[in-house]
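Since chain A is already given, all that's left is putting chain B on it; use the hints.
Okay, here's what each chain looks like letter by letter:
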Amino acid sequence: MFFFYLTSGLFLGWSLGANDAANIFGTAVGSKMIRFRTAAIIAGIFVIIGATLQGSGTTDTLSHLGAVDAMAGAFTVALSAAIVVFLMTKALLPVSTTQAIVGAIIGWNLFTGHKTDIRLLTTIVTTWVVSPVIGAVFSAFFYILLRALLKRLQIHLVILDVWIKWALIVVGAFGAYSLGANNIANVMGVFAGSAPDVVIDLGIIRLDGLQVLFLLGGAAIATGIMTYSKNLMVKVGNGIMALSAEAAIVTVLAQAVVLFIFSSTSFSGMLKSIGLPPIPLVPVSSSQVIVGSIIGIGLIKGVNEIKFKTIRGIIAGWVLTPVAAGLLSFLALFFVRNLFNLNVGSAVATGETGAVMPAATGTVISSGTKYINLIWPGISLLALALVSALLTYTFRQQKKRLTAEKELLEREKENIIARQALTDAEIRAVQVENQYLQNEVENKRRDLINYAMSIVEQKEYFEKVSESLRELSGEKRSELRDEKLKKLEIEIRQRMSFADKVEDFNIRIEKMHKDFMGRLAQLYPDLSSNETRLAVLIRLGISSKEIATLLNISPKSVEINRYRLRKKLGLDRKASLTQFINNI
Amino acid sequence: MAFFRNAAGVINAIEAFFNTVDEGVLVFKEGVSNYLHGNQDAFNNNIANMAKLEADADNLRRDIENKLYTHSLMPEVRGDILRLLEEMDNIIDTAKKNLFQFDVEVPNIPAELNQDLILLTDICVSSVSTVIPAARAYFRAPETVKDQIHRVYFYEKEADKLADVIKRKVFRQMTGLRLSEKFHLRYFALHIETVSDTAEKVADLLSIMAIKRTI
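So the protein lines, in turn, are chains A and B.
Quick note on the numbering used here: the first sequence kicks off at 21 and runs consecutively.
Quick note on the numbering used here: the second sequence kicks off at -8 and runs consecutively.
Possibly wrong hints are sitting among the right ones.
[What the hints assert, rightly or not] With a straight-line Cα cutoff of 30 Å, these simulated BS3-like cross-link-like pairs (lysine-lysine) come out:
id : chain 1 : residue 1 : chain 2 : residue 2
1  : B       : Lys192    : A       : Lys321
2  : A       : Lys484    : A       : Lys506
3  : A       : Lys52     : B       : Lys58
4  : B       : Lys203    : A       : Lys321
5  : B       : Lys137    : A       : Lys321
6  : A       : Lys171    : B       : Lys137
[As the list claims (entries may be wrong)] Simulated restraints on C-beta separations:
id : chain 1 : residue 1 : chain 2 : residue 2 : range
7  : A       : Leu429    : B       : Phe(-5)   : 56 to 66 Å
8  : A       : Ile65     : B       : Arg(-4)   : 22 to 32 Å
9  : A       : Ile447    : B       : Pro98     : 35 to 45 Å
10 : B       : Ser63     : A       : Pro298    : 38 to 48 Å
11 : B       : Asn57     : A       : Phe22     : 50 to 60 Å
12 : B       : Asn57     : A       : Gly322    : 57 to 67 Å
13 : A       : Thr412    : B       : Phe(-5)   : 20 to 30 Å
14 : B       : Pro98     : A       : Met532    : 37 to 47 Å
15 : A       : Ile61     : B       : Asp54     : 29 to 39 Å
16 : A       : Leu296    : B       : Arg127    : 42 to 52 Å
Derived by calculation from the structure, the hints in this document are not laboratory data.
Since we're looking at a predicted model, the values are computed, not measured.
Where is the CB? At the ideal position from N, CA and C, for every residue including glycine.
Chain A on its own, in the form it takes in the complex:
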C-alpha cells in the first residue's frame, strides 16, 4: 500500500522532471549545442545524486509548513500538485512545482484545520520573489565576467565552441544536482513522515529511509526528464530570449548557484558560523530563477530583446499554480475522506504549527531500524550496468562501422557503374570514329584508284588522238581528211562531258547531304531528282555557271531550272532562293 500511495509523489516527480529540466538544458538543446539524449542522461544522473545527498534541508522546511501525517493525505496532496503541474505542462507553460506543492499543502492545512505557519509561508513566498532577483544579479555578474574573460583571452571560435559545449555539460550537471537537492522536497516532502525506517548499505554510502525516498523521487524526476521534457526544452531554449551559448552557460550557472544556496545545509551553516544570518532552506522555483537570470543578462545587453509577453504568461502561471493546486487539494481531500473513508490527516487543535517531520540528519542505525546490505547486489548491478554500457557502445560502434563500410561499398559500386557507363560510351565513340575513319580510307582509296585510272585512260586516249592526228597529216585526200577530222572533233566533244566524274561527284554530294535531301523530300515531295540535285548544289554555294558544267547543260537551262524550283518551293520574286535553301 505504501508504494501505491507513493505513486502520486512519483508522478509529481515525473512532472517536475518534464518541466524543470528545460531550465537547465533548454538553451543548450534548443541551440543544438548538446543533443537531447546527452542532456537528459546527464540531468537524470545528477538530479538523482543531488536529491539523495542534499535533499533533506528543503524537505525539513516543507514539513514545517504542513506536516502531512497520513499516507492517504500525502497521496492526495502530491496528486493534486502533480495534476496541476501536468496540465500546465500540457499547455506548454513553464510551471513551478514548488508553487503547486505549497498550494496543495496549504489546501491540506485548510482542510484538516492545521494552522499554516504564516512566518514560514512569508519566508517561502519571499524566496519566490528574491530568488529570481538573486538569479538576475548572479547572471549579470557572471555574464560581465565571462565577456571580459573572452575578450581578454581571444579564443578561436572553434575552440571556444568546444569549451562552451563542455561548460554547458558541466554547468548543466551542476544545475541538475542543485535542482535535485532543492526540489526533491516538492516531490517527496509530504511523504517524509511516512519514510520507512531502514538503512541501505551500498558500500560507498549508506542511505536512510528518507534518502531512499529521495532516491525514488530522483529517479521519477529523471524519468520525467527523459520521457517528456524535450518539447519544453526547445520552447524555453528559444522562447523567452534569443540566448547565445555564452549567455546559456551564465543563466544555468546562476540558476544552479541560487538553487544550491537555498538547499545547502553546509553553506547555510557556514554563514551562521561566521556570524551572518543563515540562508533559509526553501524549495525555490527553478523557472523563476532562470527567468531572473535571463533578465539579468537582458539588462546588460539591453532590455529590448526580452520577450515580455512570454514572461507575463509565465508569471500568470505562477499565480495560477498555487491557487489551482490549493483548491484541487482541498476538493480532492474532501472526496478521498468522504468517498473512500480514508484518513487524510489528523485534525489537530488550532494554534499549533503542526507536528514536525523528522528530517534526515545523518544515517543513524537505531535498534528498530531495518538494515539492508546491498553491497554485493549494488556491485553486481553496477558491473551489469557497466557491461551493458560497454556492449551497447561496442554494438553501436560496430553498427556505425558497418554502415560506413556499406556506404563505401555502395559508392564504389556507383563508381564502377559510372566507369562502366563511361567505358561503354567511349567504346561506342571509338567505334563510330573507326567507322568514320574506315569510310574515309575507303573514299581515299577509291579516289586514288579513280585518279590512277583516269591518268591511264587519258594517256591512252591522248595517244590515240596523237595517232589519229599523225594519220591525218599523212592523208592526201582532203574529203577523207575532213571527214576524219570531224569524227575526231565529235569524239573529243563527247569526251568533254566528263559523265563519269560528274556522276561520281553527284553521288558524293548526295551522300554528304543525305539529311538535307531527306528534309527536302519530306517538305516538298513533288520535287524531281534533278531539282533536288540543283537544290543541293545551290546549298553548296556553287554558281549557276559551274552548275551548268556539272550538270552538262547550258547556263540558260540552269536559270530555267532555278525558276521552276522557286515555283515548286512556293517562293515569291523577292525571296532569295539560296537563303531559303540554306534555312531548310
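Chain B alone, transformed into the frame defined by chain A:
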C-alpha cells in the same frame, strides 16, 4: 581530447583556406602585370599557379564543411561561417576566371593603359588583402571586425572610380581603337573591378556576422 584535436584540425583548415585566397589574389596581381608587360612565360606560370590555388581553396572549403558537420561544431554559427567561406571562395574563383580570360581572349591593350590597369588590380587586391584579416578577426575578436572592414569599402569605391576613368579614357580619348576593341577593354576593366566587388560582399557578410557574435 579528441574534441580539441578536431577543433584544431578545423582551425588549421580555415587558416590554410585564408592563406590560399590571399596567395590567389597575389598571383592574380602578378599575372595581370605579366600580361600587360608581355612576359608570356611568367604569365603562363601564373595561370598554372592560379588554377592550382583555386582547386586547393575548393578542396579546403569542402573539407571544412565536412568537418563542421561531422564533428557537430558551432551549430549556431555554422551556417554563417560556411557562407563566409563560400563568399571568400568566390574571390579566388573570380580572380582565376579573370586571369583565364586574359589567356583565352588575349585582349589588345594599348601600352598607355598599362599603369591604370595595374593600379586598378592593385586596389582590388588591396580590398581582398584587407578583408582577409577581418575574416580572421571574426574568429578571435569579433569586436575588431568593424574597424577593419571600412578599408574594404574604401578600396571598393576607389576601384569603381578608377574603372570608370579607364572606360572614359578608352571611349573618349583612344580614337584609334575600333569599337570592338573598346568594348573588349571595357569588359576587362569590369572584370578586374569585380574582384573588389566580391571582397565588398564578404565585408558586408562579416559586418553582420560580427554584430551577431557581439550582441
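Violations among the numbered hints: 7 and 12
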